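Hey, can you piece these two chains together into the complex? The hints should help.
Residue numbers (my numbering), protein chains in the order written: chain E, 1 to 499; chain F, 1001 to 1320.
Keep in mind that a hint or two might mislead.
The calculated lysine to aspartate or glutamate pairs, modelled on EDC-like cross-linking and capped at a C-alpha distance of 20 Å, are [what the hints assert, rightly or not]: (1) F:1004 <-> E:133; (2) E:441 <-> E:385; (3) E:373 <-> E:393; (4) E:373 <-> E:355; (5) E:396 <-> E:418; (6) E:189 <-> E:174; (7) F:1209 <-> E:438; (8) E:18 <-> E:378; (9) F:1209 <-> E:393; (10) E:8 <-> E:221; (11) E:78 <-> F:1201; (12) E:396 <-> E:355.
Bear in mind the hints are in silico, worked out from the structure with no lab data behind them. The structure displayed is predicted, hence computed values, not measured ones.
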Amino acid sequence: MSLILELKNISKHYPGVKALEEVNLRLFSGEVHALLGENGAGKSTLVKVMTGAQSKDGGEIIFLNEKQHFNTPIEAQKIGISTVYQEVNLVPNLTVAQNLFLGHEPKRFGLIHFQKMYADARTVLTQFKLDIDVSAPLSSYSIAVQQLIAIARGVAMSAKVLVLDEPTASLDADEVQVLFGILNQLKQKGVAIVFITHFLDQVYQISDRITVLRNGRFIGEYLTSELPQPQLIEAMLGRSLQQHLVEKTSAEQTSNGTSAVLLSLEGVSVKGSIQSMNLTVPKGQAVGLAGLLGSGRSEVCNAVFGLDLLDSGSIHLAGKKLHLSHPVDAINAGIALCPEDRKVDGIIGPLSIRENIILALQARVGWWRCLSKTRQQEIAQFFIDKLQIATPDADKPIEQLSGGNQQKVILARWLAIEPILLVLDEPTRGIDIGAHAEIIKLIRTLCDDGMSLLVASSELDELVAFSNKVVVLRDRYAVRELSGSELTSQHVMQAIAEG
Amino acid sequence: MMSKRFIPLWITASLLLVMFLIGSLQFEGFASARVVTNLFRDNAFLLITALGMTLVIISGGIDLSVGSVIALSGVLSSVLITQYQWHPLLAFALILPLGTLFGALMGTIIHVYKLQPFIVTLAGMFLARGIATTVSEESIAIDHPFYDAIADLSIALPGHGSLDVSSLIFILFFAIIAIMMHYSRFGTNVYALGGNAQSAELMGVSIAKTTISIYALSSFLATLAGIIFTFYTFSGYALGAVGVELDAIAAVVIGGTLLTGGSGFVLGTVLGVFLMGVIQTYITFDGTLSSWWTKIVIGLLLFFFIVLQKLLNGRKASHG
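Just chain F, with the same shape it has in the complex (with noise of 0.2 Å):
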């Protein structure tokens, strides 16, 4: 019999084939290469901060401020490169482990203190987004060779489908976290904390190094995806990104994660990110409707699978 735990994860995979035939059937040219890798280019900056926000909501938190610091990643890399002549990859090298580091803080305030991860990355949200709107309020262009080579980059695929930078980014650490969470001892030790915190203490999982590794390894992924989004708008803007937090969290729940902790994929989330990726594409071919459908759907969806969660641990707990 199929494990209980993998059956959100085949509804979301059901789900999205469902989508994509729906779109096939109705609309030449949607079954093409080039629809699909435009899911990966167009979603690789959600698609990154989802996987650090899987791990979150594994491990039984919230991350709230990632919208806010992919704006900050954004400004600061657009204002190192244009105002301040650094080379990109310098610009990176500096603002990575600066996001790192504010997600590490958060962290340990939320460990140190035994506050609501909530609170804490609601606090972190306000405080990175009023960061970047005071460095600039305005949306600050980027002209630079290093941009230009990087979105000449990238591997064609047949079918006039090509994978760019970011996808491949996105696929390189998507590999990184799958092995982590299931081949490592932290990825178990995240679940364990999901799953019971004070349990995984007594056996001797430090929840002080986890909790804080997966806040900053969260704030890292969002970082990144800041750089990504800006190799997709070519510019830093403050204003960005706002409610990717909400995105990101609502792909994870999709995805099959309990809200609750102890339990995910993050397969599942990247899942999740394409269902609604294909959303967005079915009425983009349409043409008529509002693109506010999307959110319409994603409503549902979110309602449908929280409600599925609620049944099928019911079914566990009275098996128990």
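So that you can see chain E by itself, here it is in the shape it has in the complex (with noise of 0.2 Å):
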């Protein structure tokens, strides 16, 4: 078993993201090589890396004992680095043939030769049990089998390394084994396969060794047959961190029960999310959401908040059934949700910081009674002294900001609209590890102001540290659920694991 590529100390940062820190990567021929962790972990950015689709800011890359830079994935698949990425990057209105061979058809007197193209794209697609048209566009299939067409180009290139990035995310179990049983093969013929993915079962099935990340960092290298399912759980989700962050009151902790309850979820369901869901949020104080991903962590947050609509139960705020059938009747409600993608769903880049934060409080007065300049000013500063937000003044360009500080804005601008519940998606994705301690620091502030918060999170320290009590859900269930000294890292861990 021979080393192919070696990944050594990787960084790449975004503005305002650091998403990749010196990151770590081994791949051997014959191996398949599973590479975990959470959500923004940084998996798909070393993937783009790897492959050339995206520069990387510092360290090297080693390819059979050379060192490589790539520009382009024409790079980086032409040494023999072929990539399957997470959505299906193929062309929809070619067809299969062209599609599995797109940049090296077969030709014929310079033309492409269409008959022998045909042929063995058929050839090809049957190894995956695919009997279908070769020469229809790609869009005619269904989703599930362009995952596969876009697998079989990568397994069809021949190359030395080929990575898969969530290839069973649109899989069902028969055409997950038949991807196996291919994997197995090019094992056999000295392939090293990086395979991502958050089936921790399917890990434990195909894959030799495992890389686990945790935002944007090196956790480390295992062999699969010595990391059992709990500790490869723990290095995902984290468990050491400051001890500062732990330290917990214990009034707040035996408080539990007595206050009134705000928010109530009674057997809640909705199709493909979560599964009769029951759960309150007393007054003042934070509940957490854990779970491993695809939990239904982030869709209670969304069914909360009025963007996934309900099919069975109810939800009660302040003893009032809510009809939310859109987010506004949340805002209306006094709920406010801070979510996960703050890129895309949260912050609105160019416009400035005090833009950002009247955003809310200003479409919930109404467009057309203005707040005077004055005033949007005074809120702005309001919450910039409040929240610790590091710049030199309100009309800095957000996207100029650090990922932490960006995200405290998000916060107050939910924050400027007063609400009863705040509801946080992963409140400290992405952002640096100081100001993580910030924003659990300011959670616990906002409970001790009476507001009440529903946070989910990945970061289980984090979780334990803040709320009042956690939530832990596996598969679209609520399975248990912990509070008073119960409600340790260890045990939130173990309830992942086992349910």
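And the structure:
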């Protein structure tokens, strides 16, 4: 077994976010190497750097003992690194065969040899037990079939390294087994395979080696046979956080159950995301939602904010039943949500801090009653001071702030409308470790001010640090509720692993 | 079942046939080889321009500069031939590469600075028209034995029809480009670019090479169209061929190419030009209608075809 590709101390920064910091990855021939980590851990970024789709800011890539600098995916492909990206990255209007062979079509007399291309395409797809019309446009097939075609393309390129980013996300169990059969054949041929997934049972079924990333950092490389699942989850979710975060007053712990219930979910189900969920959030307390990716963590937040419509069950806020068909209904009831992906759903980059903060409040009072500039300035300054947003003034474009400060501005936006319930989805995602502590402190302060919070997070230590109660989700169900002395990251982790 | 990709093509072909039948039933001499070959002769320059426009639009772009490039090419040809006494072939040998370079430059700017093709080729449009007008504001007549020879040269067809040099050049380029689009790697790349440029790049298609080639080819064809336009008018005029880019875009859309890119055929575009030509011929035969009626009909056809595209694609999406 020989080392084919080695990534050493890879770093990658985006404005405001450290996507990768000194990450290592070693790929051996004939091995399936699982690259694991929670959402935002940096897996996809690492893949993009490794395959030339994005440039790195630091570190080196060594392929067969030679240092490499890829600037485009073509260069990486040429030396034998073939990639199937997370989203199906094919061209929908071309035929199946054209998609399989784009860039290296068989030729005759200088023109594309369609007969041979179609025959080759059929041969490749037979391996995947796909019997489809290869001359039909790709878009005429389902996402699962497209996913298989994308993988088939990677396999057909007979690469030395095959990278599969979430290849099984849209496949059913039978299709997964077909894929694993092919991966086993490739292993025998000496291909090094990178396998990214969030299905841990698949990791144990197919992989030989595991590398775990967390928050853009390298956590460790393990042999799959020597890493039991609880330890793997521990590595993925993290346990060792600075001591000062875990300090919690015992008074808060004992106050459990005595305060009035503010929000309650009864038997809430949303098709495909959560199942008969029961949950209560008391007034002036923070309730944490823990669980792996896809367990229903974020989905609960979305349901409470009216983003996903309920199929059954009911949500009560301060004793009144809520009819949420749109986020506006939730906002009017006094609920605010800080979404998971602040780049996509939260910040408006070129606008100033002041404008970003004022957005939700202005929407609430109505656009025809414009807040005066002095009033806007007052509000912005108030939150800049209160949340300690590091900026010279309120007129700086938000995109120039660091991730942690951007997150504070988003928080300020929702705090400005004075909600009675604040829902936070991954409040510390992609921000510096120092800023984590500040956000956590802020959550506690808000609770002391009487606000209730519902917080979904993959950072267990943090969750335990700021929550009065943690609800553990597993496969779309709430499986455990931990509070008081039971509330430790160790217990939460056990509940996630065992249910 | 007929593939959805071909539906717009069939509709255009049917409309063309219907228009032709209406004309034939109403007017004596409409259904003749002469009318058909005149469609080629009168529209050769537009046909050649529209071939390039089809490629550009399939790739998801647009080229607004072609009308001005036609004018510039015509003006430069006539100036070199008439004022500098160059042999026409020598003049063409200089002008065609220059035109191609102009397009390659626009393609480079579009690719390197990630700019909208609309705005870059709009700049190209002003630039080419400006240069043409600076070279000569007056129309310059070309009087050269080579032009007389070209005009006399044609293949006679039965029924008083004849294919002239311009038509033959168009047929040649139509064949080359149709083969290129469907049987070469470049053609596949053009469709891939229009389908999903980001995926195509990740799959190893060189976006730079393809983009630059597309705009270079479009300008080359427009330059050639400008030369052919001088065969037709025996002159070069800086303020001629105004709005030809819009006629070409209309023909491409009527021919069933998606304005968002990724789908379409050069054959459709040819049918689109012919449909517009038949309407024009009909109005000429009628004699009482204003020729502006052509524009009204083209406007209505365009509305019809963009709504049709929307409906066809909407259906595709809901099935996907």
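Exercise for review: List in ascending order the numbers of the hints, as given earlier, that are violated by the structure.
Suggested key: 5, 6, 7, 8 and 9
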